[in-house]
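Take these sequences, add in the hints, and give me the full structure.
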Amino acid sequence: MKAKIIITPKKAVLDPQGKTVANALEQMGYKGIGAVHVGKYLEIELPAGDKESWRRQLDDACHNFLSNPVIEDYSMEIE
Amino acid sequence: MNFAVLQFPASNCDQDALHVLKNVLGHSARLLWHKDNSLAGFDAVIIPGGFSYGDYLRTGAIARFSPIMRAVQAFAARGGPVLGICNGFQILCEAGLLPGALIRNRSLQFRCEQIFLKTASRDSPFSNQIPEGKILRLPIAHGEGCYFADDAALEQLQAGRQILWQYVNAAGAQTDQANPNGSLRNIAGICNQARNVAGLMPHPERASEPILGGADGRLIFESLLSWLQNKPAQAA
Numbered sequence: 001m002k003a004k005i006i007i008t009p010k011k012a013v014l015d016p017q018g019k020t021v022a023n024a025l026e027q028m029g030y031k032g033i034g035a036v037h038v039g040k041y042l043e044i045e046l047p048a049g050d051k052e053s054w055r056r057q058l059d060d061a062c063h064n065f066l067s068n069p070v071i072e073d074y075s076m077e078i079e
Numbered sequence: 001m002n003f004a005v006l007q008f009p010a011s012n013c014d015q016d017a018l019h020v021l022k023n024v025l026g027h028s029a030r031l032l033w034h035k036d037n038s039l040a041g042f043d044a045v046i047i048p049g050g051f052s053y054g055d056y057l058r059t060g061a062i063a064r065f066s067p068i069m070r071a072v073q074a075f076a077a078r079g080g081p082v083l084g085i086c087n088g089f090q091i092l093c094e095a096g097l098l099p100g101a102l103i104r105n106r107s108l109q110f111r112c113e114q115i116f117l118k119t120a121s122r123d124s125p126f127s128n129q130i131p132e133g134k135i136l137r138l139p140i141a142h143g144e145g146c147y148f149a150d151d152a153a154l155e156q157l158q159a160g161r162q163i164l165w166q167y168v169n170a171a172g173a174q175t176d177q178a179n180p181n182g183s184l185r186n187i188a189g190i191c192n193q194a195r196n197v198a199g200l201m202p203h204p205e206r207a208s209e210p211i212l213g214g215a216d217g218r219l220i221f222e223s224l225l226s227w228l229q230n231k232p233a234q235a236a
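Chains A and B are the protein sequences, given in the same order.
Just so you know, the numbering used here puts 31 at position 31 of the first sequence, and the rest follows in order with no gaps.
Just so you know, the numbering used here puts 90 at position 90 of the second sequence, and the rest follows in order with no gaps.
Just so you know, the hints here were simulated from the structure itself, not pulled from any lab data.
All values reported here derive from a predicted model rather than from experimental measurement.
Treat the hints with care, as some may be off.
[As the list claims (entries may be wrong)] Label pairs and their calculated CB-CB ranges:
{"no.": "1", "chain 1": "B", "residue 1": "134", "chain 2": "A", "residue 2": "32", "range": "48 to 54 Å"}
{"no.": "2", "chain 1": "A", "residue 1": "43", "chain 2": "B", "residue 2": "159", "range": "40 to 46 Å"}
{"no.": "3", "chain 1": "A", "residue 1": "50", "chain 2": "B", "residue 2": "15", "range": "23 to 29 Å"}
{"no.": "4", "chain 1": "A", "residue 1": "46", "chain 2": "B", "residue 2": "229", "range": "51 to 57 Å"}
{"no.": "5", "chain 1": "A", "residue 1": "4", "chain 2": "B", "residue 2": "212", "range": "29 to 35 Å"}
{"no.": "6", "chain 1": "A", "residue 1": "46", "chain 2": "B", "residue 2": "112", "range": "38 to 44 Å"}
C-beta: ideal position from N, C-alpha, C; glycine also.
Here it is as structure tokens:
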């Protein structure tokens, strides 16, 4: 089993990386691109087991450590 | 007074802080390794700058789980003064001892330069000896010093006079141009509601002797000393 966690900056938080990437894309000729948000992707390998139990534990880990709720949002999939 | 200067893997301003406290100000100070777990006998804690644990994941995110940080939490809860400088400020925010977070500079550049600060509140253990209206000149050296907090938290900081220092220009005007990193409300340093925990991005320990080009930073350490010497005796 594997957990896939995506962490992105909250919309209200200044994201200079995303803005710079968006500007570069525009300059390369990819016209009409909207805002870009640069985040993080984590893959966590898990032993086979109770998926819901892992979801609860990793949700806790995301909230307390892997993301900072002041500035980031996260989403998680376990498959 | 007896100061603890914390040392994490990749702290790099620890010796500077130790030097100022011991050799410039003539007090007792000792380095405490991140695996230490007691602050018994110390009057104040300095969390110095650097790149603790490589700043992996986020600045300060890993350091916050060090054994010594549990002792810092308890020390702060008892009213003990804690000052975080640069990476130390980032660690205190991650640890929840200070509100908000420090994110990548608006310019995306590591900024290493002299900046000017105004003291927004002199009512704290860290700013009480700074003369009214004095503009401080201090160095900064950081890539992630852009202070962020949501609107409600900012209002609370303002209402509680928890904003201690703000970036200004040489004339003391709080302009966008004087803001080196994009911090909201030009915030360079704050304290908690109880006022005994503070953090700032500029480096007072690198500017506490004229030979280093400026001694304004010394006022921050002298504030802390004055507060410690004058506070009513209390059980540690």
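Going through the numbered hints above, which ones does this structure break? Give me the numbers in ascending order.
3 and 5
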